[in-house]
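Trainee: Take a look at the letters that make up each chain.
There are 2 protein chains.
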Amino acid sequence: MKKLINGTDTVVADALRGMAAAHPGLRVDIENRIVFRASGPRPGKVGLVSGGGSGHEPLHGGFVGYGMLDAACPGEVFTSPVPDQMIEATKGVDGGAGVLHIVKNYTGDVLNFQMAAELCEDEGVEVTSVLINDDVAVQDSLYTAGRRGTGATLFVEKIAGALAESGAPLSEVAQIATDVNARSRSFGVALSACTVPAAGKPTFELNDNEIELGIGIHGEPGRTRAPHAEAREIVRIAMDAINDDMPLSGETLVMVNGMGGTPLLEQYIVFAEVAAYLAEKGATPARSLVGNYVTSLEMQGFSVTVCRLTDELARLWDAPVETPGLRWGR
Amino acid sequence: MKKLINGTDTVVADALRGMAAAHPGLRVDIENRIVFRASGPRPGKVGLVSGGGSGHEPLHGGFVGYGMLDAACPGEVFTSPVPDQMIEATKGVDGGAGVLHIVKNYTGDVLNFQMAAELCEDEGVEVTSVLINDDVAVQDSLYTAGRRGTGATLFVEKIAGALAESGAPLSEVAQIATDVNARSRSFGVALSACTVPAAGKPTFELNDNEIELGIGIHGEPGRTRAPHAEAREIVRIAMDAINDDMPLSGETLVMVNGMGGTPLLEQYIVFAEVAAYLAEKGATPARSLVGNYVTSLEMQGFSVTVCRLTDELARLWDAPVETPGLRWGR
Numbered sequence: 002m003k004k005l006i007n008g009t010d011t012v013v014a015d016a017l018r019g020m021a022a023a024h025p026g027l028r029v030d031i032e033n034r035i036v037f038r039a040s041g042p043r044p045g046k047v048g049l050v051s052g053g054g055s056g057h058e059p060l061h062g063g064f065v066g067y068g069m070l071d072a073a074c075p076g077e078v079f080t081s082p083v084p085d086q087m088i089e090a091t092k093g094v095d096g097g098a099g100v101l102h103i104v105k106n107y108t109g110d111v112l113n114f115q116m117a118a119e120l121c122e123d124e125g126v127e128v129t130s131v132l133i134n135d136d137v138a139v140q141d142s143l144y145t146a147g148r149r150g151t152g153a154t155l156f157v158e159k160i161a162g163a164l165a166e167s168g169a170p171l172s173e174v175a176q177i178a179t180d181v182n183a184r185s186r187s188f189g190v191a192l193s194a195c196t197v198p199a200a201g202k203p204t205f206e207l208n209d210n211e212i213e214l215g216i217g218i219h220g221e222p223g224r225t226r227a228p229h230a231e232a233r234e235i236v237r238i239a240m241d242a243i244n245d246d247m248p249l250s251g252e253t254l255v256m257v258n259g260m261g262g263t264p265l266l267e268q269y270i271v272f273a274e275v276a277a278y279l280a281e282k283g284a285t286p287a288r289s290l291v292g293n294y295v296t297s298l299e300m301q302g303f304s305v306t307v308c309r310l311t312d313e314l315a316r317l318w319d320a321p322v323e324t325p326g327l328r329w330g331r
Numbered sequence: 002m003k004k005l006i007n008g009t010d011t012v013v014a015d016a017l018r019g020m021a022a023a024h025p026g027l028r029v030d031i032e033n034r035i036v037f038r039a040s041g042p043r044p045g046k047v048g049l050v051s052g053g054g055s056g057h058e059p060l061h062g063g064f065v066g067y068g069m070l071d072a073a074c075p076g077e078v079f080t081s082p083v084p085d086q087m088i089e090a091t092k093g094v095d096g097g098a099g100v101l102h103i104v105k106n107y108t109g110d111v112l113n114f115q116m117a118a119e120l121c122e123d124e125g126v127e128v129t130s131v132l133i134n135d136d137v138a139v140q141d142s143l144y145t146a147g148r149r150g151t152g153a154t155l156f157v158e159k160i161a162g163a164l165a166e167s168g169a170p171l172s173e174v175a176q177i178a179t180d181v182n183a184r185s186r187s188f189g190v191a192l193s194a195c196t197v198p199a200a201g202k203p204t205f206e207l208n209d210n211e212i213e214l215g216i217g218i219h220g221e222p223g224r225t226r227a228p229h230a231e232a233r234e235i236v237r238i239a240m241d242a243i244n245d246d247m248p249l250s251g252e253t254l255v256m257v258n259g260m261g262g263t264p265l266l267e268q269y270i271v272f273a274e275v276a277a278y279l280a281e282k283g284a285t286p287a288r289s290l291v292g293n294y295v296t297s298l299e300m301q302g303f304s305v306t307v308c309r310l311t312d313e314l315a316r317l318w319d320a321p322v323e324t325p326g327l328r329w330g331r
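These protein sequences, in sequence, are chains A and B.
Counting from 1, position 196 in the first sequence corresponds to residue 197 in this note's numbering; the numbering is continuous, with no gaps.
Counting from 1, position 134 in the second sequence corresponds to residue 135 in this note's numbering; the numbering is continuous, with no gaps.
The set of hints was computed from the structure by calculation and includes no laboratory data.
One or more hints might be untrue.
Chain copies aren't distinguished; within one or between two, either way the pair holds.
Unchecked claim - Restricting the straight-line Cα-Cα distance to at most 16 Å, the calculated cross-link-like pairs of lysine to aspartate or glutamate (EDC-like) are:
{"id": "1", "residue 1": "Lys-92", "residue 2": "Asp-312"}
{"id": "2", "residue 1": "Lys-3", "residue 2": "Glu-211"}
{"id": "3", "residue 1": "Lys-282", "residue 2": "Asp-241"}
{"id": "4", "residue 1": "Lys-92", "residue 2": "Glu-127"}
{"id": "5", "residue 1": "Lys-92", "residue 2": "Asp-209"}
{"id": "6", "residue 1": "Lys-3", "residue 2": "Glu-234"}
{"id": "7", "residue 1": "Lys-92", "residue 2": "Glu-124"}
{"id": "8", "residue 1": "Lys-282", "residue 2": "Glu-252"}
{"id": "9", "residue 1": "Lys-46", "residue 2": "Asp-245"}
{"id": "10", "residue 1": "Lys-46", "residue 2": "Glu-127"}
{"id": "11", "residue 1": "Lys-92", "residue 2": "Asp-30"}
{"id": "12", "residue 1": "Lys-3", "residue 2": "Glu-231"}
Small disclaimer: the values here were computed from a predicted structure and weren't measured.
From just these sequences and the hints, can you work out the full model?
Mentor: Written out as structure tokens, the structure reads:
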């Protein structure tokens with residue numbers, strides 16, 4: 002295992018020190034492992050909190066800032082954060098208008114966020130949770146009952162974040178988060194595994210001419226293994242899986258996401274095939290992201306996430322955002 | 002070799018199709034392999050053109066847009082673009098105020114840009130070239146006489162781009178580009194090699210506990226191979242090399258750049274050590290970038306680039322930019 006770390010037990014703390022040094026717009030509580038906006042809670046604004054295992058950067062800490070999250074709770078690599086982090090984060094971002102928890106559907110995350118929400122409610126902070134489960138690959142899997150939450154998390158954080166910034170109440174912010182999740186689907190493909198530092202060996206093995214279709218963001222098994230193929234064939238399998246679940250049409254928001262070890266050059270090749278597929282179905286990529294946004298350490302592969310847009314969702318997507326990982330228009 | 006491609010001979014064209022589909026702010030001439038701003042040349046504005054081998058994305062095509070480049074010429078992977086591309090690009094961005102060529106110091110790029118500049122001058126387009134040679138690792142190397150150009154290219158494109166956007170004349174834009182290069186130093190480290198699609202095998206081999214110090218962005222040899230070590234030790238070697246060449250002090254612009262296959266989590270760990278080193282020297286990371294900006298396909302490793310800021314350079318760095326790879330503040 003060759004990694005740029007100081008030791009397997011300081012990975013998350015050392016990375017948080019780096020975030021703190023690089024981004025003066027963030028206030029990073031290294032001891033308690035919470036990434037806050039430096040500006041603190043704004044009275045009357047709904048607070049947005051997310052979190053999950055580390056190793057998926059920029060998700061979630063990189064999406065803290067104006068127009069997106071108010072705080073993120075990073076767990077150990079590929080390990081759920083604990084309720085204490087979530088409680089501190091929730092209380093720390095409450096501006097009196099309540100807090101939305103954005104929770105990817107992994108059993109540990111769900112249970113811990115639920116416990117934190119209950120304890121915060123007991124202390125007088127109103128909390129609503131939205132569960133992200135956009136991955137069409139498999140029903141139930143390692144770590145998850147039901148579908149896994151992947152790329153749509155970014156869409157929810159951005160769009161609900163924009164609505165919260167405009168001063169909307171918690172019920173509306175929660176509703177749009179639910180809507181975005183319901184209108185979004187993802188599918189991931191791995192060309193290689195990744196290695197969790199503390200484990201020291203790859204999470205799974207693929208041979209030289211094999212890919213995993215429907216991979217999870219922790220390297221959980223997908224639908225099947227298949228021989229490696231041309232990008233257009235692999236993209237067709239991914240897009241068919243999405244289209245079978247949610248027929249594609251009209252204007253869409255599309256993300257081709259690198260898993261961490263895939264050259265951007267290849268991600269653009271994948272995007273070209275995704276756009277061609279959408280055109281076949283009479284859909285268009287009205288808004289696009291291509292890059293590493295929801296990663297799995299150094300895994301090679303990609304995921305594609307599609308959200309069927311409405312005018313309102315497009316407008317909120319376009320609204321200003323200022324975070325380390327997503328920034329425009331302010 | 003497992004890559005997300007349709008074939009080794011269509012890699013660049015397919016990726017350009019993806020860029021065209023993803024970024025409506027760009028006009029991508031796929032046949033001639035030029036990435037332009039969709040808005041075309043602005044009369045009276047100095048045009049900025051760069052280019053180089055593909056495989057370093059988002060450099061350069063991802064830095065075309067408001068406040069940065071007017072056009073980029075991608076060559077084949079790790080191969081210089083040809084003069085015809087540069088000539089078309091230069092003529093295509095000329096708004097009557099002349100054109101700046103930003104050229105990384107690799108022999109092929111230098112010769113081809115020089116030929117293109119001469120031919121454009123013959124046709125009445127004023128061209129000035131600035132050579133980027135910020136890499137302190139080695140003097141003369143594979144592909145290069147003198148020092149190689151790496152991360153400072155992004156700094157030059159951003160800062161000179163901002164000045165050009167403000168309406169400054171070619172002489173001033175060229176001067177600030179020269180200044181930024183002169184005030185910037187880089188050093189790269191590889192943990193693994195990368196594979197050029199057309200070659201089908203890694204550009205070099207490193208064993209399981211070995212790293213290459215001073216790596217070039219095409220996998221050219223650096224200063225030495227060394228046993229793998231903690232991030233803080235590796236960063237100290239890189240920063241010492243920079244500091245020995247250009248003593249660090251005051252406010253700096255710092256980029257920790259992933260080579261393409263390095264998790265962002267690890268890049269932040271590297272940034273933490275870079276910030277600690279700067280503090281020792283009485284310098285501060287007044288502006289920071291952490292991410293994949295000047296990549297080498299799927300290579301694992303990082304480079305660090307430091308530019309000693311002035312108030313003017315900081316102001317131009319902060320100016321609005323709107324490109325696929327760098328975007329803020331508009």
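Trainee: Give a verdict on every hint.
Mentor: Status of the hints after comparison with the structure:
Taking the shortest Cα distances, Lys-92 and Asp-312 never come within 16 Å of each other, neither inside one copy (33 Å) nor across copies (39 Å). Only between protomers do Lys-3 and Glu-211 lie at most 16 Å apart by alpha-carbon distance; the minimum there is 9 Å, versus 23 Å within a single protomer. With identical chains, the CA atoms of Lys-282 and Asp-241 are at most 16 Å apart within one copy only, with a shortest distance of 11 Å there and 56 Å across copies. Proximity of Lys-92 to Glu-127 under the C-alpha cut-off of 16 Å is restricted to the intra-copy arrangement: shortest distance 10 Å within a copy versus 60 Å between copies.
For the identical chains of this complex, Lys-92 and Asp-209 are neighbours neither inside a copy (49 Å) nor across copies (46 Å), given an alpha-carbon limit of 16 Å. Taking the shortest alpha-carbon separations for Lys-3 and Glu-234, only the inter-copy value of 14 Å comes in at or below 16 Å, while the best intra-copy value is 32 Å. With identical chains, the CA atoms of Lys-92 and Glu-124 are at most 16 Å apart within one copy only, with a shortest distance of 9 Å there and 66 Å across copies. Taking CA atoms no more than 16 Å apart as the test, Lys-282 paired with Glu-252 passes inside one copy only; the shortest distance there is 11 Å, against 52 Å between copies.
For the identical chains of this complex, Lys-46 and Asp-245 are neighbours neither inside a copy (38 Å) nor across copies (50 Å), given an alpha-carbon limit of 16 Å. For the identical chains of this complex, Lys-46 and Glu-127 are intra-copy neighbours only, at 12 Å inside a copy versus 54 Å across copies, given an alpha-carbon limit of 16 Å. Taking the closest pair of Cα atoms, Lys-92 and Asp-30 come within 16 Å of each other only inside a single copy of the chain (14 Å); across copies the shortest separation is 52 Å, beyond that limit. Taking identical chains as interchangeable, the C-alpha atoms of Lys-3 and Glu-231 lie at most 16 Å apart only when they sit on different chains, with a minimum of 10 Å there against 29 Å within one chain.
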